[in-house]
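Let the hints inform the model, and build the full structure from the sequences given.
There are 2 protein chains.
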Amino acid sequence: MARGRPRTFDRAAALRQATMLFWQYGYEGTSVAELTKRMGINAPSLYSAFGDKRALFDEVVETYGRSFGSFVAVALEEETTAREAFARVLREAAAAYTDPEHPAGCLVISATTNVSPKDDEVADAMRELRRSNLDGFRERVEADVAAGRLPAGTDAHALAVYYATVVQGMSQQARDGASAADLEAVAGLAMASWPA
Amino acid sequence: MARGRPRTFDRAAALRQATMLFWQYGYEGTSVAELTKRMGINAPSLYSAFGDKRALFDEVVETYGRSFGSFVAVALEEETTAREAFARVLREAAAAYTDPEHPAGCLVISATTNVSPKDDEVADAMRELRRSNLDGFRERVEADVAAGRLPAGTDAHALAVYYATVVQGMSQQARDGASAADLEAVAGLAMASWPA
DNA sequence: TACCTTCCTTAGCGAACAGTACAAAAAAGG
DNA sequence: CCTTTTTTGTACTGTTCGCTAAGGAAGGTA
Numbered sequence: 001m002a003r004g005r006p007r008t009f010d011r012a013a014a015l016r017q018a019t020m021l022f023w024q025y026g027y028e029g030t031s032v033a034e035l036t037k038r039m040g041i042n043a044p045s046l047y048s049a050f051g052d053k054r055a056l057f058d059e060v061v062e063t064y065g066r067s068f069g070s071f072v073a074v075a076l077e078e079e080t081t082a083r084e085a086f087a088r089v090l091r092e093a094a095a096a097y098t099d100p101e102h103p104a105g106c107l108v109i110s111a112t113t114n115v116s117p118k119d120d121e122v123a124d125a126m127r128e129l130r131r132s133n134l135d136g137f138r139e140r141v142e143a144d145v146a147a148g149r150l151p152a153g154t155d156a157h158a159l160a161v162y163y164a165t166v167v168q169g170m171s172q173q174a175r176d177g178a179s180a181a182d183l184e185a186v187a188g189l190a191m192a193s194w195p196a
Numbered sequence: 001m002a003r004g005r006p007r008t009f010d011r012a013a014a015l016r017q018a019t020m021l022f023w024q025y026g027y028e029g030t031s032v033a034e035l036t037k038r039m040g041i042n043a044p045s046l047y048s049a050f051g052d053k054r055a056l057f058d059e060v061v062e063t064y065g066r067s068f069g070s071f072v073a074v075a076l077e078e079e080t081t082a083r084e085a086f087a088r089v090l091r092e093a094a095a096a097y098t099d100p101e102h103p104a105g106c107l108v109i110s111a112t113t114n115v116s117p118k119d120d121e122v123a124d125a126m127r128e129l130r131r132s133n134l135d136g137f138r139e140r141v142e143a144d145v146a147a148g149r150l151p152a153g154t155d156a157h158a159l160a161v162y163y164a165t166v167v168q169g170m171s172q173q174a175r176d177g178a179s180a181a182d183l184e185a186v187a188g189l190a191m192a193s194w195p196a
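Protein chains in written order, with the UniProt record's numbering: chain A, 1 to 196; chain B, 1 to 196.
To be clear, the hints were calculated from the coordinates, so they are not data collected in a lab. Among the hints, erroneous ones may be present.
No distinction is drawn between identical chains; accordingly, a pair holds when it is met within one copy or between any pair of copies.
Below are the SDA-like pairs computed for lysine to any residue, each with C-alpha atoms no more than 25 angstroms apart in a straight line [as the list claims (entries may be wrong)]: (1) 118 x 91; (2) 53 x 33; (3) 118 x 92; (4) 118 x 177; (5) 118 x 100; (6) 53 x 68; (7) 53 x 6; (8) 53 x 24; (9) 118 x 101; (10) 37 x 20; (11) 118 x 176; (12) 118 x 43; (13) 118 x 40; (14) 118 x 102; (15) 53 x 31; (16) 118 x 139; (17) 118 x 36; (18) 118 x 32; (19) 118 x 54.
Encoded structure:
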């Protein structure tokens with residue numbers, strides 16, 4: 001098996017390099033020329049291995065969700081109470097968004113904030129991802145209401161939107177140079193709004 | 001005076017149209033071709049009246065700050081207490097960011113989130129604007145600490161970063177389709193974190 | 001009317017964009 | 001060895017990018 005000439009570059013490593021570029025400059029802010037340069041390959045190798053720019057970006061987003069972005073779903077699932085879950089999400093976001101090992105903030109939040117009309121399909125796909133994260137927030141609150149850990153009248157949607165707002169704001173703050181300590185303080189203040 | 005052929009388009013109206021495009025699609029997401037089409041003029045008229053794309057954007061940002069974006073500074077100055085000032089900023093942001101008369105969110109927050117490396121000067125200029133807004137937040141808190149309306153140990157910087165985070169998050173939520181009611185609930189929850 | 005200044009329209013500039021045709025090169029199968 | 005299959009590097013496609021040269025058009029001034 002494995003007919004033909006084998007590829008001479010590490011596909012996973014190239015994908016990681018592409019991730020760093022899209023993370024830092026966004027979808028349209030990253031050109032194929034910059035991608036091939038950073039990935040250490042020529043354009044035909046990129047198109048052969050990943051399809052086109054859009055497909056490469058989709059694969060970047062997918063692997064991002066299973067690595068850098070997985071802490072959110074993990075925290076929502078592992079913590080026993082919604083309060084502890086959201087506190088952990090914010091605490092870990094403060095660390096992750098300012099980790100000097102990679103670009104600041106969250107790729108899903110920031111990579112398609114400004115796109116020209118011709119690429120609104122990509123922006124819509126990312127918006128849909130953020131909306132599903134918001135649903136995850138709401139469902140976690142609803143689970144605690146159902147379990148009696150939160151009052152029956154709790155507005156799960158409002159609480160979910162609030163913490164999504166804080167997380168998205170933290171991402172932008174990190175990209176504007178906020179420190180991990182700054183964001184930890186934000187996380188602490190945001191948890192003061194948790195219903196009594 | 002006023003020698004030569006007078007221009008046949010309304011410069012202020014053209015600037016408003018440019019504002020709407022930059023507001024919706026961002027700096028790089030808006031092409032000169034789209035600008036001229038929406039402004040109803042040809043490229044040479046745009047360059048003659050405004051300089052180049054960057055100068056047009058700068059003028060857009062300046063007029064934006066004196067109109068749509070002025071509510072923040074006004075609220076910080078007019079309200080007697082910092083608490084009332086921040087509550088008003090969040091309340092008015094909820095309305096302004098979802099006003100159907102113009103694109104959602106805040107132009108200064110969202111127009112240069114993703115730019116290619118060649119335009120990082122524009123992104124830096126906008127970052128500096130956001131940083132000065134953050135300074136305004138901090139100074140408003142410090143004023144209340146000095147006046148005895150807030151405890152002497154209040155962390156003005158942390159509080160300023162927190163409310164800047166909420167405002168930026170609200171802008172992104174609005175661009176993702178959040179309603180005015182959603183953002184009003186966010187504003188209410190965010191004020192629950194105000195120091196006792 | 002004649003002139004002067006400025007604006008508008010047409011047409012196009014070089015550069016960068018995403019994407020590809022083509023043939024040499026390198027492996028496995030026969 | 002020879003064919004087949006896939007990757008490789010070179011060079012290139014058509015399109016869009018921001019921007020502008022050139023000349024006619026339209027006003028005020030004399």
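Hints and how they fare:
1. 118 x 91: This pair counts as neither: shortest intra-copy Cα distance 37 angstroms, inter-copy 34 angstroms.
2. 53 x 33: Both: 11 angstroms inside a copy, 24 angstroms across copies.
3. 118 x 92: neither (35 angstroms within a copy, 32 angstroms between copies)
4. 118 x 177: between (31 angstroms within a copy, 20 angstroms between copies)
5. 118 x 100: Classified as between; 22 angstroms across copies, 33 angstroms inside a copy.
6. 53 x 68: Within. Shortest intra-copy distance 21 angstroms satisfies the 25 angstroms Cα cut-off; inter-copy 36 angstroms does not.
7. 53 x 6: Intra 22 angstroms, inter 47 angstroms, cutoff 25 angstroms: intra-copy only.
8. 53 x 24: both (16 angstroms within a copy, 23 angstroms between copies)
9. 118 x 101: between (32 angstroms within a copy, 23 angstroms between copies)
10. 37 x 20: within (13 angstroms within a copy, 35 angstroms between copies)
11. 118 x 176: Result: close only across copies, 18 angstroms inter versus 27 angstroms intra.
12. 118 x 43: Both. Shortest intra-copy (22 angstroms) and inter-copy (21 angstroms) distances satisfy the 25 angstroms Cα cut-off.
13. 118 x 40: So residue 118 and residue 40 pass the 25 angstroms test across copies only (21 angstroms; inside, 28 angstroms).
14. 118 x 102: Answer is between: at 20 angstroms across copies they meet the 25 angstroms cutoff, but 29 angstroms inside does not.
15. 53 x 31: both (9 angstroms within a copy, 20 angstroms between copies)
16. 118 x 139: For residue 118 and residue 139, neither the intra-copy (34 angstroms) nor the inter-copy (42 angstroms) Cα distance is at most 25 angstroms.
17. 118 x 36: The answer is both: 23 angstroms in one copy and 17 angstroms across copies each meet 25 angstroms.
18. 118 x 32: Classified as both; 17 angstroms inside a copy, 15 angstroms across copies.
19. 118 x 54: both (12 angstroms within a copy, 22 angstroms between copies)
In the structure shown, a violation is registered for the earlier hints numbered 1, 3 and 16, in ascending order.
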